[in-house]
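Sequences listed follow chains L and E, in order. With the first letter of the first sequence counted as 1, position 104 gets the number 103 in numbering that gives the first Met the number 0; the numbers rise by one all the way through. With the first letter of the second sequence counted as 1, position 179 gets the number 178 in numbering that gives the first Met the number 0; the numbers rise by one all the way through.
These are calculated hints, taken from the structure and not from any lab test. Treat each hint with caution, since some may be false.
Copies of the same chain look alike in the list, so a pair counts if it fits in one copy or across any two.
[As the list claims (entries may be wrong)] In the DSSO-like style, the derived pairs of lysine-lysine whose C-alpha atoms are separated by at most 30 Å in a straight line are:
#  : residue 1 : residue 2
1  : Lys153    : Lys89
2  : Lys65     : Lys112
3  : Lys153    : Lys29
4  : Lys167    : Lys119
5  : Lys127    : Lys89
6  : Lys168    : Lys112
7  : Lys32     : Lys119
8  : Lys112    : Lys127
9  : Lys112    : Lys167
10 : Lys112    : Lys126
11 : Lys119    : Lys164
12 : Lys112    : Lys164
13 : Lys119    : Lys65
Protein chains: 2
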Amino acid sequence: MSIILRNQLEEHTSLSNEEFDYIMSHFEAKKLKKHQFLVQENENVEKNYFVISGCLKAYHVDSNGKEHILQFAIQNWWITDFQAFFNRSKATLFVDCIEQSEVLGLSFDNAEKLCAEMHKMEQFFRKKSNSGYVALQQRILSMLNNNPQERYDKLVLQNPILFQKVPKKLIASYLGVSRETLSRFSKISKL
Amino acid sequence: MSIILRNQLEEHTSLSNEEFDYIMSHFEAKKLKKHQFLVQENENVEKNYFVISGCLKAYHVDSNGKEHILQFAIQNWWITDFQAFFNRSKATLFVDCIEQSEVLGLSFDNAEKLCAEMHKMEQFFRKKSNSGYVALQQRILSMLNNNPQERYDKLVLQNPILFQKVPKKLIASYLGVSRETLSRFSKISKL
Chain L
0 MSIILRNQLE
10 EHTSLSNEEF
20 DYIMSHFEAK
30 KLKKHQFLVQ
40 ENENVEKNYF
50 VISGCLKAYH
60 VDSNGKEHIL
70 QFAIQNWWIT
80 DFQAFFNRSK
90 ATLFVDCIEQ
100 SEVLGLSFDN
110 AEKLCAEMHK
120 MEQFFRKKSN
130 SGYVALQQRI
140 LSMLNNNPQE
150 RYDKLVLQNP
160 ILFQKVPKKL
170 IASYLGVSRE
180 TLSRFSKISK
190 L
Chain E
0 MSIILRNQLE
10 EHTSLSNEEF
20 DYIMSHFEAK
30 KLKKHQFLVQ
40 ENENVEKNYF
50 VISGCLKAYH
60 VDSNGKEHIL
70 QFAIQNWWIT
80 DFQAFFNRSK
90 ATLFVDCIEQ
100 SEVLGLSFDN
110 AEKLCAEMHK
120 MEQFFRKKSN
130 SGYVALQQRI
140 LSMLNNNPQE
150 RYDKLVLQNP
160 ILFQKVPKKL
170 IASYLGVSRE
180 TLSRFSKISK
190 L
């Protein structure tokens, strides 16, 4: 299963088998059941998780108990409460499994160690962070610029696999629309 | 004026005078008039800009000619069309000056050169990108979770200086609310 991580690393840099084995020795594999939690609000966030299989979600629960989905993650994506992870603060999000999942966890200390020891890992994480930054800017622009129907069509186009894995009510929460509005879109969408 | 950049770099790493002079030799200073453009839609985006003084905005113009503000930048912030800059693609945004400004421009090639030559610069840009990523996640959560009044109050609290520099109609565009709604908030806000 580590080949999935290796492929992602090698999109940005080349690695010898020894280097990859060394990198892998800093990760911890974890199998999770559906609904199992990886991160819980008010707890420490020790790890960033690379997804090997399955599907997870990161979300905030507001004072009325309503869930707001910040992020989904499927194979090849990274997920955690990034604010808490990077700032070494308590979680304000929950991360749990939409379906049975396998992840590779990398602790904050091990991430910093790998970046300090291997310049190419520092470069890898810089490039990943830049890509993530751009993706979030595009999501904000879409929230400012597009109506809910257009946001739905864009998400279908960019991540069709999410629609096979994620219940409609969670997609609605991610898009910031009601479940009823989303049902209307999914019937009339031409995509 | 380069001391402002040095201070930001030294929040993350220590630098000798020689190292800082070498880094600075990769930047180009630019003075801009009010309304002058740094980035224009459909053009190449050669540089990322560190702001020494003044105030700038990055925005998208939709098919109806309406501006959607993605980002402001004041002293100590970085601004460009990051999607176009990182992906070496044409701009989809405009960046221009809300007031007379001074910036230090760093080209894509010079940024990559500095990161390759100096591990500590690679680390600096990784950490900056991580912080930017977290700030955008918080903005998305606020857009999903908070009503416009709460988003306005949060922005006042986090960036009071913006309200001295930026016209109300631009703040309204950034928050995704109408100018009239914003005026109502600014009268009743307790902050």
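Fill in: Hint check against the structure, violated hint numbers in rising order
2, 3, 4, 6, 7, 9, 11, 12, 13
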